[in-house]
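Asker: One-letter residues, chain by chain:
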Amino acid sequence: MPKHYRENAPITAAQFMDELMRLKRGSVSRRHFLGVTGLGLASAVLAGQTGLLSSPAFAEDLGKQMSIATWPNYHDPATFEAFTAKTGVAVEVNVFGSNEEMLAKLQAGGTGWDLFVPTNYTISTYVKLGLIDPLDMSKLTNYSPATETARFTAEGTISGTTYAVPKNWGTTGIALNSKKIKTPVASWKDFFEVAQNEADTRTIVHDYQLTTIGSALVSLGYSFNSVKPDELAKAEALLVKVKPHLYAINSDYQPAMRAGDAWMTMCWTNDGAQLNRDVPEIKFVLGKDGGEIWSDFYAIPKSAANKPAGYALLNYLMDPANAVKEHIANGAPTTDSRVLSLLPKEITSNTIVYPPDGQLTPLEFGAAVTLTDPARAEVMARFKSA
Amino acid sequence: MALATNTKRRMVTASLVAPAVAWLFIFLVLPFIAMLVFSVGERAPEGGYQPAFTFAQFANLPSRAAAFWNTLFLAPVGAFICLIVAYPVAYYLAVKANPRYRLLLVSLVIVPFWTSLLVRTYAWMYLLGSRGIPNLLSMVGFDDVRILNTHGAVLLGIVYGYLPLMIMPIYVSLEKLDRRLLEASADLGAKPVSTFFSITLPLSLPGVMTGLSLVTILLLGEYLIPQLLGGGKVFFIGNALVDLFLQSRNWPFGSAIAVTLVISVVFVLLIAMRIAWKIAGTRQVDLV
Numbered sequence: 001m002p003k004h005y006r007e008n009a010p011i012t013a014a015q016f017m018d019e020l021m022r023l024k025r026g027s028v029s030r031r032h033f034l035g036v037t038g039l040g041l042a043s044a045v046l047a048g049q050t051g052l053l054s055s056p057a058f059a060e061d062l063g064k065q066m067s068i069a070t071w072p073n074y075h076d077p078a079t080f081e082a083f084t085a086k087t088g089v090a091v092e093v094n095v096f097g098s099n100e101e102m103l104a105k106l107q108a109g110g111t112g113w114d115l116f117v118p119t120n121y122t123i124s125t126y127v128k129l130g131l132i133d134p135l136d137m138s139k140l141t142n143y144s145p146a147t148e149t150a151r152f153t154a155e156g157t158i159s160g161t162t163y164a165v166p167k168n169w170g171t172t173g174i175a176l177n178s179k180k181i182k183t184p185v186a187s188w189k190d191f192f193e194v195a196q197n198e199a200d201t202r203t204i205v206h207d208y209q210l211t212t213i214g215s216a217l218v219s220l221g222y223s224f225n226s227v228k229p230d231e232l233a234k235a236e237a238l239l240v241k242v243k244p245h246l247y248a249i250n251s252d253y254q255p256a257m258r259a260g261d262a263w264m265t266m267c268w269t270n271d272g273a274q275l276n277r278d279v280p281e282i283k284f285v286l287g288k289d290g291g292e293i294w295s296d297f298y299a300i301p302k303s304a305a306n307k308p309a310g311y312a313l314l315n316y317l318m319d320p321a322n323a324v325k326e327h328i329a330n331g332a333p334t335t336d337s338r339v340l341s342l343l344p345k346e347i348t349s350n351t352i353v354y355p356p357d358g359q360l361t362p363l364e365f366g367a368a369v370t371l372t373d374p375a376r377a378e379v380m381a382r383f384k385s386a
Numbered sequence: 387m388a389l390a391t392n393t394k395r396r397m398v399t400a401s402l403v404a405p406a407v408a409w410l411f412i413f414l415v416l417p418f419i420a421m422l423v424f425s426v427g428e429r430a431p432e433g434g435y436q437p438a439f440t441f442a443q444f445a446n447l448p449s450r451a452a453a454f455w456n457t458l459f460l461a462p463v464g465a466f467i468c469l470i471v472a473y474p475v476a477y478y479l480a481v482k483a484n485p486r487y488r489l490l491l492v493s494l495v496i497v498p499f500w501t502s503l504l505v506r507t508y509a510w511m512y513l514l515g516s517r518g519i520p521n522l523l524s525m526v527g528f529d530d531v532r533i534l535n536t537h538g539a540v541l542l543g544i545v546y547g548y549l550p551l552m553i554m555p556i557y558v559s560l561e562k563l564d565r566r567l568l569e570a571s572a573d574l575g576a577k578p579v580s581t582f583f584s585i586t587l588p589l590s591l592p593g594v595m596t597g598l599s600l601v602t603i604l605l606l607g608e609y610l611i612p613q614l615l616g617g618g619k620v621f622f623i624g625n626a627l628v629d630l631f632l633q634s635r636n637w638p639f640g641s642a643i644a645v646t647l648v649i650s651v652v653f654v655l656l657i658a659m660r661i662a663w664k665i666a667g668t669r670q671v672d673l674v
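One line per chain: the protein sequences are A and B, in this order.
For the first sequence, counting from 1, position 4 maps to 4 in this note's numbering; every step adds exactly one.
For the second sequence, counting from 1, position 10 maps to 396 in this note's numbering; every step adds exactly one.
Do not rely on the hints blindly, as some may be mistaken.
[To be verified] Computed cross-link-like contacts, SDA-like style, restricted to lysine to any residue with a CA-CA straight-line distance of at most 20 Å:
{"#": "1", "chain 1": "A", "residue 1": "K128", "chain 2": "B", "residue 2": "R532"}
{"#": "2", "chain 1": "A", "residue 1": "K283", "chain 2": "A", "residue 2": "S187"}
{"#": "3", "chain 1": "A", "residue 1": "K241", "chain 2": "B", "residue 2": "A452"}
{"#": "4", "chain 1": "A", "residue 1": "K105", "chain 2": "B", "residue 2": "S449"}
{"#": "5", "chain 1": "A", "residue 1": "K179", "chain 2": "B", "residue 2": "Q436"}
{"#": "6", "chain 1": "A", "residue 1": "K139", "chain 2": "A", "residue 2": "F83"}
{"#": "7", "chain 1": "A", "residue 1": "K180", "chain 2": "B", "residue 2": "P520"}
{"#": "8", "chain 1": "A", "residue 1": "K243", "chain 2": "B", "residue 2": "Q436"}
{"#": "9", "chain 1": "A", "residue 1": "K105", "chain 2": "B", "residue 2": "V628"}
{"#": "10", "chain 1": "A", "residue 1": "K180", "chain 2": "B", "residue 2": "V531"}
{"#": "11", "chain 1": "A", "residue 1": "K105", "chain 2": "B", "residue 2": "L632"}
{"#": "12", "chain 1": "A", "residue 1": "K139", "chain 2": "A", "residue 2": "Y316"}
{"#": "13", "chain 1": "A", "residue 1": "K243", "chain 2": "B", "residue 2": "R532"}
{"#": "14", "chain 1": "A", "residue 1": "K179", "chain 2": "B", "residue 2": "S516"}
Hints in this document: simulated from the structure, not taken from any laboratory.
Everything numeric in this text was worked out from a predicted model, so none of it was measured.
Using the sequences plus the hints, can you model the full thing?
Answerer: This is how it looks when you write it as structure tokens:
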């Protein structure tokens, strides 16, 4: 490498490593890092290049960077790459395992998210706390309320104002490795029984109060959403009793299930479909005694730094041609009949993704109170630290 | 005239110390005061903090007893195992290694720090998972060995992650060792073992104590390793804190735990110093 190259470099190798370590430790912001190392300029130039090559589809300045907060294994990475290629906006993806964590980050402020994926029962709280903006529907030309299923979209609209539009719906069921577990599992009661016997030290529950406490409540014959102290106390006793038999408390359970470290887990529809697609012996069942049915939404935080890009990505994702690829990749059922008609038959006939209506009857939507109820939060925290 | 020089000198000292004092005040004292204020408050209805004056948070501390126990037990044990592993390495580097390669060997100890601990801990997850070491063991007849998501895995991760922090201070204190003392000892008829225990070990104690307290203090705040290698089941105080701030959004209780942790750390440090003074028979052991 010629000497003059190094002299002209914005930063020496040693300084670069120093800045990189500071970035990793969180001592400096990404922006600072990109600034001092010259990488910001480099990526801006590259991003600008892509923008120039593609058609200037957006009149508004979308910036170079945006960030989305979402769930594990929930998007097709190709979608974001295609969006970046089209608009020149790089998408940073932040992954969370619970709505509580997303809420905590937004309450603390300074997330930098331009779009995020809250679940149905949390939206009223976000609105109450003033953390999300009403959506400017004129910027979401691809969204079509007429083709949406009202059951899954209703909670995005509060007293006539739309704050969130649906991503997809789904259920919280049980994924189990049928080669390892021979006992039939058809309910949450079975789940907690088998977790202490055949699947001892091979079972995962979510690191998420709604589903972990909710499913324990269901197994005892109570409502998924209960906040009654005596019922919560019984659920806590059950969870603490089961804890020594668990493999992990973790919402990102796919790696352990795929590796065979875990044999059974609480599981969301989309993960169930992905696991079953790649490892056919992993089956997905819904509790016949109850459990959760949910819909996830897209919303834009009030504190978003780059709202134009947030809207642009949201509108892009609402385009059925793009949405259909997302659904094929992540395996979650769609709320939009336009997308449904585009999906291949092997997906629409997959009973993990689209179970018969009868199986959905005992399921409950999460209730807003569970998000803020201090008793549920404390039961979960005590269970984890037990 | 003398007075003026004195004042001037004091001014210089003050201006030299000022940045450090300001730094400590803004980033240590103020946050600690905020923590104290929060710890006597209440959780707001939607989570967070609302002002109050109550000791309810401190009364609730026993509900996290397991986390305190895990931390206060595994931190010193982890540090001690680190010491047992680190001492021979440091001894080799400082005393036995060929001086020509010494610098290279010492820098090899540091090299792992160039990769983020997060990435290295993820690597351990794969090594300890059933497709890693247990898979190798099953080939030689040890079936169903379970390592990942146990206390043992957390301990292993801790020892691995903090080893360099233990090796370096011991190495430094051994390197300063006056070789003539060892020769004198041998000359007077001491066997190598008794030379080690009566000369080398006592003289390296400052390094040992520095390493022990450094690693213990850092471990008391550990979060990442138990989370990843303990599967969310092996819970440290650090994990309890993350939970309270990011899941339950109970800032006052989180603050109460943090205050208690700080006080415990100071307490542990004081005890460690006492022991160090006693062992070294001197008052010149610097711990941090």
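Asker: If a hint holds in the structure, say so; if it doesn't, say that too.
Answerer: To see whether the hints hold, each was checked on the structure:
no. : hint              : verdict
1   : K128(A) x R532(B) : violated, 47 Å
2   : K283(A) x S187(A) : holds, 14 Å
3   : K241(A) x A452(B) : holds, 15 Å
4   : K105(A) x S449(B) : violated, 25 Å
5   : K179(A) x Q436(B) : violated, 52 Å
6   : K139(A) x F83(A)  : holds, 16 Å
7   : K180(A) x P520(B) : holds, 18 Å
8   : K243(A) x Q436(B) : violated, 33 Å
9   : K105(A) x V628(B) : holds, 12 Å
10  : K180(A) x V531(B) : holds, 17 Å
11  : K105(A) x L632(B) : holds, 7 Å
12  : K139(A) x Y316(A) : holds, 11 Å
13  : K243(A) x R532(B) : holds, 17 Å
14  : K179(A) x S516(B) : holds, 16 Å
Hint compliance for this structure: hints 1, 4, 5 and 8 are not met, and every other hint is.
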